[in-house]
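K.L.:
Sequence:
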Amino acid sequence: WGSIGWHENQIELSSRIEKSLGKDIYGAGFTVNHFSTGGGNSMFAPFPMPHVNTQYKELIAQLNPSVQLRGKKLIAVLGFKTFLAFNEGRLRLAPDVSLRYCAWQDYLNAYLFLGGGLTRNSLHSIITENPFLGFTNNYSNAYTPIDAGVGLKGKFIHHFYWDVSMQYRMVQNMLLFTGYSQRVASDPFSSAINFYTINRFMTVLDNVNRGSLQLMLQYKGFKGFDIGMRASLHQYTTENQSKPWYLPDAEGNLWITYVHNEKADARFDLIYRGNTYGASSNGAGFQGITLTQNSFLIKAYPDINFTFHYHHNKRLGFFARACNIIGARYQRWLDFPTQSFNIQAGMQFAF
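If you want this note's numbering, it's the position in the sequence shown, counting the first as 1, plus 52.
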């Protein structure tokens with residue numbers, strides 16, 4: 053990553069024990085995650101990092117005791133999670149509770165969940181979300197003290213399912229992305245120095261609360277077809293940033309999958325991403341940057357894709373994918389337009 057390589061290692065060990073007493077299940081899970089991130093400076097950093105060979109390490113231990121209670125119409129999971137982050141030196145708690153009440157067989161069920169957790173803002177998770185990252189040192193832990201929701205789900209008729217819910221989530225130290233442009237010398241040691249401008253992203257942390265409304269409709273079981281749609285509306289509040297950078301106010305997905313037989317299947321996807329706000333800063337001078345943020349509205353867009361898979365056997369398969377079929381011109385990340393209509397094809401081989 054960057055001009056001088058960065059690397060990250062993650063080691064995870066997990067185990068769980070359970071004991072059934074009648075219809076009830078008592079258990080506890082234990083997980084240990086070790087993260088080690090390090091390397092050198094990046095040519096795209098807006099300012100030099102304080103230490104060339106910086107190492108960011110964290111060890112997170114999680115204990116999750118719970119009990120599952122089964123009644124005639126009610127299923128309840130009662131538990132909690134404890135997280136001990138050794139490098140951070142803090143012990144955090146989160147609930148692990150869920151209830152499901154069967155009001156009318158499979159046609160009407162009410163449910164409630166109350167959860168939370170602690171996740172690492174790792175290098176892998178950061179660059180997987182945004183591959184145009186130029187700089188970050190925010191390898192911290194994102195803590196979710198509350199992730200709560202209520203909903204109703206069931207089915208109208210045979211093979212037709214529905215789910216409607218509300219959710220509220222609080223996240224401390226959520227990772228957000230802000231952009232910057234910077235003038236960089238092509239060869240600072242040459243007698244004829246040429247400058248060019250690069251656009252990259254860096255990270256900021258903020259406490260973000262999100263409220264959501266969600267709807268899911270699905271029809272499956274008719275001659276290999278699975279047809280469905282999922283839509284969500286979001287409302288955010290931020291503590292320090294003026295906007296919830298690159299978080300959409302709405303999301304949607306319409307899909308149609310068809311399984312012809314065990315060898316061939318196809319999928320159609322219409323993906324909708326609502327309005328987002330991007331932040332950008334203008335660069336100034338050699339290896340310089342002005343950190344005054346400018347807010348830009350990135351309008352909603354659709355993305356239509358079609359994928360076909362052929363499985364020759366358990367080891368060998370082929371695929372073809374048509375992406376952005378309508379050739380929509382949109383930007384997931386500010387100043388980085390996505391490709392227009394394109395076709396991908398390849399093969400898969402399992403050892």
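Take the hints with a grain of salt, since some may be wrong.
Said to hold, decoys possible - Each computed SDA-like pair below joins lysine to any residue, with the alpha-carbon atoms no more than 25 Å apart: (1) 205 x 134; (2) 75 x 158; (3) 351 x 311; (4) 71 x 158; (5) 351 x 275; (6) 207 x 136; (7) 71 x 131; (8) 366 x 287; (9) 272 x 351; (10) 207 x 310; (11) 275 x 148; (12) 207 x 169; (13) 124 x 251; (14) 205 x 251; (15) 205 x 351; (16) 71 x 134; (17) 75 x 150; (18) 272 x 210; (19) 125 x 169; (20) 295 x 119; (21) 207 x 285; (22) 205 x 301; (23) 125 x 251.
Note that these hints are calculated values from the structure, not bench results. Only a predicted model underlies this, so the values are computations on that prediction, with no experimental measurement involved.
K.L.:
Need the status of pair residue 272, residue 210: alpha-carbon distance at most 25 Å?
P.N.:
9 Å, holds
K.L.:
Need the status of pair residue 351, residue 311: alpha-carbon distance at most 25 Å?
P.N.:
35 Å, violated
K.L.:
CA of residue 351 to CA of residue 275, is that 25 Å or under?
P.N.:
Given pair residue 351, residue 275 is violated - Cα atoms ~38 Å apart, limit 25 Å.
K.L.:
Starting from residue 75, check that the Cα of residue 150 is at most 25 Å away, please.
P.N.:
Measuring from Cα to Cα gives roughly 17 Å; hence the hint holds.
K.L.:
Is the Cα-Cα distance between residue 75 and residue 158 25 Å or less?
P.N.:
20 Å, holds
K.L.:
Residue 275 and residue 148: Cα distance at most 25 Å?
P.N.:
Outside the cut-off at roughly 39 Å; violated.
K.L.:
For residue 366 and residue 287, compute the direct alpha-carbon distance and say whether it is at most 25 Å.
P.N.:
It is violated: about 45 Å lies between the C-alpha atoms, which goes past 25 Å.
K.L.:
For a C-alpha distance cap of 25 Å, please report whether residue 125 and residue 169 respect it.
P.N.:
The given pair, whose Cα atoms are some 29 Å apart, is violated under the 25 Å limit.
K.L.:
Is residue 205 within 25 Å of residue 301, Cα to Cα?
P.N.:
The given pair, whose Cα atoms are some 24 Å apart, holds under the 25 Å limit.
K.L.:
Quick one, are residue 205 and residue 251 close enough, alpha carbons at most 25 Å?
P.N.:
45 Å, violated
K.L.:
Taken at face value, is the distance from the CA of residue 134 to the CA of residue 71 at most 25 Å?
P.N.:
Answer holds: residue 71 to residue 134 is near 21 Å, not above 25 Å.
K.L.:
Does residue 136 sit within 25 Å of residue 207, going by the straight-line distance between their CA atoms?
P.N.:
42 Å, violated
Checked against the numbered hints above, the structure violates hints 1, 3, 4, 5, 6, 8, 9, 11, 12, 13, 14, 15, 19, 20 and 23; every other hint is satisfied.
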